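**Q** Knowing the structure of chain A, use the given hints to seat chain B on it.
First to last, the sequence lines map onto chains A and B. Count the first sequence with my numbering and you get residues 1 to 501, in order. Count the second sequence with my numbering and you get residues 1 to 587, in order.
Any given hint could be a false lead.
[What the hints assert, rightly or not] Among the chain A residues that face chain B by a calculated CB cut under 10 Å, a handful are: (1) L171; (2) A212; (3) F216; (4) L218; (5) G222; (6) M227; (7) L230; (8) V278; (9) L296; (10) I297; (11) E302.
[What the hints assert, rightly or not] Just a sample of chain B residues kept apart from chain A, beta carbon distances all over 10 Å, derived: (12) L5; (13) D75; (14) F270; (15) P348; (16) D416.
Hints in this document: simulated from the structure, not taken from any laboratory. Every value quoted in this text rests on a predicted model; they were computed, and no experiment measured them. Glycine residues also receive a C-beta, built at the ideal position from the N, C-alpha and C atoms.
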Amino acid sequence: MLLDDLPVLPVILPLVAAPVCLLLPNNRLAGSFATLVAWIALVLSAMLLHTVAVVGPVEYALGGWASPLGIIYRVDLAGAIVMTLVALMASVTFPYAIESAREEIVPSQTSAFFAMFLIVFAGLMGVVATGDAFNVFVFLEISSLSTYTLVAMGAKRDRRALTAAFTYLVLGTIGATFFVIGLGLLYQVTGTLNMIDLHDRLAGVDNKVVRAGYAFILTGLGLKLAMFPLHRWLPAAYTYAPSPVTAFLASTSTKVAIYAMLRFLFTVFGFNFGFIDVAFTFFLILGLIGMFYASLIAIFREDVKMILAYSSVAQIGYMLLGISFATVDGVAAALVHVVNHAVMKTTLFLAVGAVFYALGSHRLSAYRGLGKRMPVTTAVFLIGGLSLIGVPLTGGFISKWVLVAAAFNSVLAVPSLVIVLMIVASSLLAVAYIGRIAWTMLLEEPVGRQPKPVPMMMVVPMVLMAALTIYLGIDAATLVSLCRQAAETLLSTGLGFGGTS
Amino acid sequence: MIPFLPAETNPAIILMVAGVLMVFFGPRGRGIIGVIAVALGFLQMYSLGVGPMGDAQMYGITEVAGYEFIPLRLDKLSVVFATIFHIAALVNVIYGWQGATKVEASMGIVYAGSAIGGALAGDLLTLFVFWEIAAISSVFIIWAGGGHAAFKAGMRYLVIQVMSGLLLLAGIALHLVRGGSSEFGAFKLVGEAGVDPVAALILFAFGIKACFPILHTWLQDSYPKASGVGAVMLSAFTTKLAIYALARGFAGTDILIPIGATMTVFPVFFALIENDLRKVLAYSLNNQLGFMVCAIGIGTPLAINGAAAHAFVHITYKALLFMGMGAVLLRTGTTKATDLGGLHKSMPWTTAFTIVGAMSISAFPLFSGFVAKSMITLAAAEEHMLLAWLVLLFASAGVLEHSGIKIPYFAFFAHDRFAPSLRNGAPRPKEAPLSMLIAMGLAAFLCLLVGFYPPVLYGLLPYETDYHAYTLEHVATQMQLLMFAIFAFMLLVRFKLYPPEVRSVNLDVDWFWRVPGRKALMAAVQMTADVWHAIWAALRDITGQVLSGIGAVHRPGGLLARYWTVGYTALTTAAVLAVALLLAFLS
Chain A
1 MLLDDLPVLP VILPLVAAPV CLLLPNNRLA GSFATLVAWI ALVLSAMLLH
51 TVAVVGPVEY ALGGWASPLG IIYRVDLAGA IVMTLVALMA SVTFPYAIES
101 AREEIVPSQT SAFFAMFLIV FAGLMGVVAT GDAFNVFVFL EISSLSTYTL
151 VAMGAKRDRR ALTAAFTYLV LGTIGATFFV IGLGLLYQVT GTLNMIDLHD
201 RLAGVDNKVV RAGYAFILTG LGLKLAMFPL HRWLPAAYTY APSPVTAFLA
251 STSTKVAIYA MLRFLFTVFG FNFGFIDVAF TFFLILGLIG MFYASLIAIF
301 REDVKMILAY SSVAQIGYML LGISFATVDG VAAALVHVVN HAVMKTTLFL
351 AVGAVFYALG SHRLSAYRGL GKRMPVTTAV FLIGGLSLIG VPLTGGFISK
401 WVLVAAAFNS VLAVPSLVIV LMIVASSLLA VAYIGRIAWT MLLEEPVGRQ
451 PKPVPMMMVV PMVLMAALTI YLGIDAATLV SLCRQAAETL LSTGLGFGGT
501 S
Chain B
1 MIPFLPAETN PAIILMVAGV LMVFFGPRGR GIIGVIAVAL GFLQMYSLGV
51 GPMGDAQMYG ITEVAGYEFI PLRLDKLSVV FATIFHIAAL VNVIYGWQGA
101 TKVEASMGIV YAGSAIGGAL AGDLLTLFVF WEIAAISSVF IIWAGGGHAA
151 FKAGMRYLVI QVMSGLLLLA GIALHLVRGG SSEFGAFKLV GEAGVDPVAA
201 LILFAFGIKA CFPILHTWLQ DSYPKASGVG AVMLSAFTTK LAIYALARGF
251 AGTDILIPIG ATMTVFPVFF ALIENDLRKV LAYSLNNQLG FMVCAIGIGT
301 PLAINGAAAH AFVHITYKAL LFMGMGAVLL RTGTTKATDL GGLHKSMPWT
351 TAFTIVGAMS ISAFPLFSGF VAKSMITLAA AEEHMLLAWL VLLFASAGVL
401 EHSGIKIPYF AFFAHDRFAP SLRNGAPRPK EAPLSMLIAM GLAAFLCLLV
451 GFYPPVLYGL LPYETDYHAY TLEHVATQMQ LLMFAIFAFM LLVRFKLYPP
501 EVRSVNLDVD WFWRVPGRKA LMAAVQMTAD VWHAIWAALR DITGQVLSGI
551 GAVHRPGGLL ARYWTVGYTA LTTAAVLAVA LLLAFLS
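So that you can see chain A by itself, here it is in the shape it has in the complex (with noise of 0.2 Å):
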């Protein structure tokens, strides 16, 4: 029975346990349930992942109703790995937060905060397990309104969060408009929501309607996972969101936007259209400037959140640039980051969050001789930065070895040459930013008061996720091959050999 009911319980464990967490009293207990919820979602995702890579993708019919008139849930390799990824990531970062969150939260908000916590995650989970086109939405919506809530909680620090969650919310509004509109107008084409009915349906048929709502749901996705130039509301967001909500965010939920994209554009459209190259001209051209861009601001930033927000920036414009070049490599390298980026921005912010509770600012000149004082963290924010960069034995460098070879092996508009010289000269920039921070870090002499001593509560995941970035840096064949298979079912799909693999 369980194991029937794989798709379903990793997204409505976490839904059901919201409420319940909110009934708890304001203290440890809830970030300890919040936790004990994440653990059961991961070892549940672990076997749905499991499942998958065994036997093929799996379906769930919702209250027993039958596909195309019911929701099913339906997981398929691809959405195996981001759950998995997105359980393992709240199992780390809800720990994490019980500590942090008493510096860092209005004490009085403790439950809710968590219960906030719980509703994204389920959101998030929920995206990518449903098959269903408006269920899309309906979780997408869910776990953002509950995200501008946990970055509004960052006020008790900085009242910037208030703005940042505002600007946040007009903006996630209008993506998800946008992506709602989209959405209804395939569905006065069709009279379908459920997306491999809709890409039956869609078959052949190319209007004027299919190609705006094409056009709404590509900028409405976009904005979601924050491609250049729609990804304004991420830096402010993640600089002044408490330090463990931008470690799960960073990690997760531009991520799952790139699923979703992904799925709309390769599961419900695929290449039978002409123009979905559309799509692919705005990866490869926004992709490359976002790159670049943010990878510039960064360079600039005086805040080490921001710097890292800004680099997340120039991290989804490798995925998107895997995912223009429109092959098996390309999207398996997009997955592959996805899975690496997900783990070194982890990494990173963990680390933050950990100077942020020992000294109480993120800001460049907080880091001053940090290598003496915090050796663990920094470390930990060392390895992180590596990954960053695209180190060898660490996981970034496997990502940027995919992603080059990739680029090497399709045929596109720019020549492949021209891309990996601009991966690489994109990797330098970054090797400016995080040398900057480590620089301050190591080379300077400490100044102002002593750290906090950082609780093992908090060092625990940290270290895990750094470990994690060389573990993936070494043992790299699992990830990547899983990626590969993920990434031909998601095409085979989308090229038309049948629409049900």
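**A** Below, chain B alone, put in the same frame as chain A:
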């Protein structure tokens, strides 16, 4: 076949792997590994089989992009050199059993392996690879001599050796480009169209390692600066690998006769006035190489046999002499003639072995040198090369003066400088350690064995021979020569005309590149640095301007990084949507 090794294993690889392994062991472990590796390599080589000249056994042939690699080519010529390299490696391991440092022991075996690999290499690129490994592994042995002087000499050595390698590579490249065979065979220096530049380039590369006159100074510069153990290792391989390469590539090239003759003569004078006995040996090494080069230039089967035989015996007795001096260095801390003398009283075995070496190098009958050297002089005589013959004869007498008499006389006899009465009662230096004595004994045994029973050596030589060393004519000629030379020495010493033992530094042609050459090099370096600085400064200015430009637009508040109001940002979204719509409709 050796059961646990792949059938076509290169003996050189066995030695090199062992050399690397030795790094992880203590002195005794290193010694055991060394002996086993040399034995294995030797067995492996002979299990592969030896072909006659012109019909070599080849192994491991692989073709890469049209280039044919032949890592192993065993014919009589290559195997005789590889055999003596194995013997030298064994002697080195035993000699250095206690005294060799980790670097010396391990690099010594790698170095021996590279020489063996070079001798057995069937194609040019493989030869080049081993050529370079030999250069690089041996420089560590020089550096292990310790001190700033050894370091600088090592650097000079390295520069010259690498230059030789690069010239060789350039020659190989040119040779291949014009469609030459990848196999390392004979080159024709002078063709119908005059001197062939490619062959000249390769000959030049070989010539550097073979110590052609003027190109020779690296040897006298570096070998005496190595440790006692290190000098023995160095004396065997590099130059003889070059001799092998010459014999293979340039047999019968006329120019080699005058070159070789010059090489036999000029070091005699340097050796006679030199005070450092190991440097005397280095000069004498140069002189011995001259005999071989000369024989290669003559190029008849007898001469090539003579060159190979001479290389073979030369390695044993030269190593023996270096070992004797190494033992002296170990016990007294010096090899300066002015500081030595009378050591025979406390180092009888070393004295005896050194005398065996000295008599071998002077080519006394019943010693190995005689057996080989008479072949070369006979070859010159057979070809009616009177001048060459006379020069070789003169040089033989010179060898006796500086190596045969000077070395043992000044080190072990002459003035007794180690009597306890002269040194405040300090005891006389002890006899050399057992391992060194064994190694010296082994080499001395070989010298005598070949001297007494030449067929041992003749069986190994490249060409069939019915040569007999012990004819009345050979023995009589040689004995006359030797007796007159000894007579001359005694007269000179009696009348105090022999160049006295003085502490001095003798200038060789290397002055030209150590003083004006260095000046020129430094000037060139300075000029390059100046040009580079100018370019760098310009680049820095430009990048600085570009960077500050980028900074101006991207730093907080810059044109591209300004915070926009929510309204403007929403407008961006609309703009993107518009573009997306437009593109979707148009595509």
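**Q** Evaluate each hint against the coordinates.
**A** Hint by hint, here is what the structure shows:
Hint status for L171 (chain A) relative to chain B: holds, with the closest Cβ pair at about 6 Å, below 10 Å. Look at A212 (chain A): its Cβ gets to within about 6 Å of chain B, closer than 10 Å, so that hint holds up. With a least beta-carbon distance of about 7 Å to chain B, the hint placing F216 (chain A) at the interface is held under the 10 Å criterion. Restraint check, L218 (chain A) versus chain B: the minimum CB separation of about 5 Å is within 10 Å; hint holds.
About 7 Å separates the beta-carbon of G222 (chain A) from the nearest beta-carbon of chain B, less than 10 Å, and the hint is met. Taking 10 Å as the C-beta contact cut-off toward chain B, the hint placing M227 (chain A) at the interface holds, the least distance being around 8 Å. Interface hint at L230 (chain A): satisfied, since its Cβ lies 6 Å from the closest Cβ of chain B, which is below the 10 Å cut-off. Taking 10 Å as the C-beta contact cut-off toward chain B, the hint placing V278 (chain A) at the interface holds, the least distance being around 4 Å.
With 10 Å as the threshold, the beta carbon of L296 (chain A) comes within range of chain B, its nearest partner Cβ sitting at about 4 Å, so the hint holds. With a cut of 10 Å, the hint placing I297 (chain A) at the interface with chain B holds, because the nearest CB-to-CB distance is about 5 Å. Checking E302 (chain A) against chain B: minimum C-beta separation of about 8 Å stays under 10 Å; hint holds. Once the 10 Å rule is applied to beta carbons, L5 (chain B) is consistent with being away from chain A; the minimum gap is 33 Å.
Even its closest Cβ contact with chain A, about 46 Å, leaves D75 (chain B) beyond 10 Å, as expected for a residue assigned away from the interface. Against chain A, the non-interface label of F270 (chain B) holds: every CB pair exceeds 10 Å, the least being about 54 Å. Its beta-carbon lying about 62 Å from the closest one in chain A, P348 (chain B) satisfies the requirement of being farther than 10 Å from that chain. Every CB of chain A is more than 10 Å from the CB of D416 (chain B) (nearest about 65 Å), matching its label as outside the interface.
The structure agrees with every numbered hint stated previously.
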